[in-house]
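2 protein chains.
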Amino acid sequence: MSARVLIVDDLFPNVKLLETKLALEYFDTLAALNGPDAIAICEKGLCDIVLLDVMMPGMDGFEVCRRIKSNPVTAHIPVVMVTALDQPSDRLKGLDTGADDFLTKPVDDVALFSRVRSLVRLKAVTDELRQRALASRAFGMGDPLITAAAETGLDARILLVEDRPGSAERMAMALQQHHRVTVEADPHNAMVVAAEGDFDLALVSLDLTGHDGLRLCSQFRSLDRTRGMPLIMIAEAHDRPRITRGLDFGVHDYLMRPIDRNELLARARTQVRRKRFSDVLRGAMQASLQMAVTDVLTGLHNRRYLESHLSGLFAEESMRHRPLAALILDIDRFKAINDTYGHEAGDEVLRAFAERVRQHTRPIDIVARYGGEEIVVILPEAGLAEAHTIAERIRERIQDVPFSVQRDSRLLSVTVSIGVAMRCAEDTSPSEMLRRADEGLYEAKAAGRNRVVAQAA
Amino acid sequence: MSARVLIVDDLFPNVKLLETKLALEYFDTLAALNGPDAIAICEKGLCDIVLLDVMMPGMDGFEVCRRIKSNPVTAHIPVVMVTALDQPSDRLKGLDTGADDFLTKPVDDVALFSRVRSLVRLKAVTDELRQRALASRAFGMGDPLITAAAETGLDARILLVEDRPGSAERMAMALQQHHRVTVEADPHNAMVVAAEGDFDLALVSLDLTGHDGLRLCSQFRSLDRTRGMPLIMIAEAHDRPRITRGLDFGVHDYLMRPIDRNELLARARTQVRRKRFSDVLRGAMQASLQMAVTDVLTGLHNRRYLESHLSGLFAEESMRHRPLAALILDIDRFKAINDTYGHEAGDEVLRAFAERVRQHTRPIDIVARYGGEEIVVILPEAGLAEAHTIAERIRERIQDVPFSVQRDSRLLSVTVSIGVAMRCAEDTSPSEMLRRADEGLYEAKAAGRNRVVAQAA
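In the order they appear, the protein sequences are chains A and B. Quick note: the first sequence, position 327, residue 368 per this note's numbering, numbers continuous. Quick note: the second sequence, position 321, residue 362 per this note's numbering, numbers continuous.
One chain only, chain A, in its complex shape (with noise of 0.2 Å):
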């Protein structure tokens, strides 16, 4: 994948160095000579990773790394330190503030352009959530990337594929202060753990014996169930033309032996987080999905859900010659609750008519607001006597309990009225067969309201 790098250094000459480097193997480079340009330019999305300089006067890289990491508009720009620090206590420092990879001078090309191409490609998969996080932002639907920006990476489930006993314990035991860890030091056991468990991570040594770990790692990263979860690689030395080649492939990290216990908590929480940061992007997706068919005020499905699904479900059962019905309820007198006790105690015995109907229908059923004080209920395989009889049922639930309103210091009589159809031969759509559960309450309403008319074709 082709991108922009971002080079920040206060060095004009080390920017020049790299971006002849960086240019030479098709990527574009922007330079910023100081911490505040570069945040300017990740505000503005101009850039798909940052190779950032420690170092530096006024805000030091450090600073940098963490202002963008923290802010929810370039949390997800992945960031790699290049420095000529080489204290661990530095590089630990560095990896704390979020940065993805964190690398001493002289840097190895081959190793960085890797690393870079890899991150550039994971980033590429988020970036298609993020467009969507933004357009739900725009439609006033919440801000997931907020939540997204601020996930800890604490508290993860992680699984760690490692034979050897002694590591395989120092690792865990380090793991374990933040995170659940389960060990695993049978590859095929793990591919097992893995697809049943929900982990948010896992580590897996390249050195199993008797077993490639890259092998595994393609395999977790090939398969539906486990292609999410974030992958470090535990790695020698010896180990540099297969960490190239996992980097490649999609595996995101690695840690080299002898394991820093710092750095490989600092490296877990990386991952964690940046998982964590797409399944909030998806699930609020899925949420803004969920709104579009829901009714606000009753939780219910909303007309539209109704519309979409109805003509299907129709089609369907008319196929299979399966009878189908459907119900309208409507709340008597329902504006003179509004206007005796106001709009929100006419909103309380809303959702808690709704409550009532949803408890007297099978899951089977569509149940969905129809429009102000009106429910229609679909009732596939159920003919008309079996439809009034659940339409009775309702009818009796709704007149014998009094609903409560007012922070309940108030009950209230309330009673509704049913009209039934179901779907007849001559059908062509379900709109008949709906104008017909409307008659039918049209008719419940004019012989004085609370009871039930089923309307024959």
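Note that these hints are calculated values from the structure, not bench results. Since no wrong hints were added, every one of them can be taken at face value.
Since the list gives no way to pick one copy over another, a pair counts as held whenever it fits inside one copy or between any two copies.
Listed next, the in silico SDA-like pairs over lysine to any residue satisfying Cα-Cα at most 25 Å (straight line):
#, residue 1, residue 2
1, 62, 144
2, 164, 133
3, 85, 239
4, 486, 375
5, 486, 447
6, 57, 264
7, 85, 232
8, 57, 228
9, 164, 108
10, 85, 236
11, 134, 78
12, 85, 353
13, 316, 165
14, 376, 489
15, 134, 211
16, 316, 214
17, 110, 265
18, 376, 337
19, 134, 111
20, 57, 72
21, 62, 251
22, 486, 377
23, 57, 229
24, 57, 252
25, 57, 256
26, 57, 84
27, 85, 229
28, 85, 238
29, 57, 232
Values in this document were obtained by computation on a predicted structure and should not be read as measured data.
Fit chain B to the supplied structure of chain A, relying on the hints for placement.
Relative to the frame of chain A, chain B by itself:
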């Protein structure tokens, strides 16, 4: 990206050989010895890419590919035909069925693997979109996959970057049969044109005079405005390394000189279809989000939208010490309309009522359906007097022009009562302002309806 590769070949040794090679590259493999089995595996979503032999007893590879590409459930799965057939007509036939590539045996392994990797990476992004589309289908919002898969790939806007006049002319002539073509010889101009135009595809010569065409491809893939545009490289035999490089960073396909006219058309069409497939899914997602905040009957914003926007607007306007007003409008004796003329007439009145309210408000106002026959209008930067004037204008407009219902067969006189309020300094939330507007509405009803009552704090 690791992936599950489905190998389809009736000869078991061929399957084994390819399996072994792919396993060495850390791909997961599955095998099918005939077409129907291959299609079943694709339909179950068990593979990410298909390597398809052509000559098989029973259903041949052309038919298998045609079926995969025309089924909405499988149309997104890349297919690479790998065959001993070496006639241009076979190749063309394969591409015409929708195959993403057609490779003739003996196949160069490096070329095959780089192609597989590139197709699988592109699929990963589409998969994310597809998952959302499947969710929206589950919620009953239509099936965007059916529309997406039905895309023909014709009538596209194509950018051709080529500075050899003869070649440019021949290609443009061929493409113009089905598409609109813009030819650009200069890479810098091409960049400008591409960023401004809305192209469905760009074809880029790698051998532009004094310029590396691959760099232009990289820039197209990097920049926001152009990264969604598919790219086909035009290459010479000696360009192999750059082709691999291009596929690796996200170029979608390539054509070798001398260019076969029909192959050009087939490959262009495949890329246009692929792009539009994604575009349809994105559009469907956007539409679903829009639905979630729109009232089905009137097309106005719904209560969810109102509530999520109002609190932000309220806080903002108080901070800036700017006025903010609200109207609550309620159709007088609406229940009588429903009871006398039926629900459909009631719905007609509601739709027309909503439209008139919208016509008499400003684009910055929020107009939302609040309940059955109630509309709320939020007026930023309006004080009580101004809001009253607007309300009075709407009231008159409703009263003066009768509503036509039942397919224009009947005219109904309708009136509206309106409560008006504005934010006052003591308000801690917008619900207090709305409550006062509701009190105004109540007074208007009590005083005989068809009037506006402004309620001071």
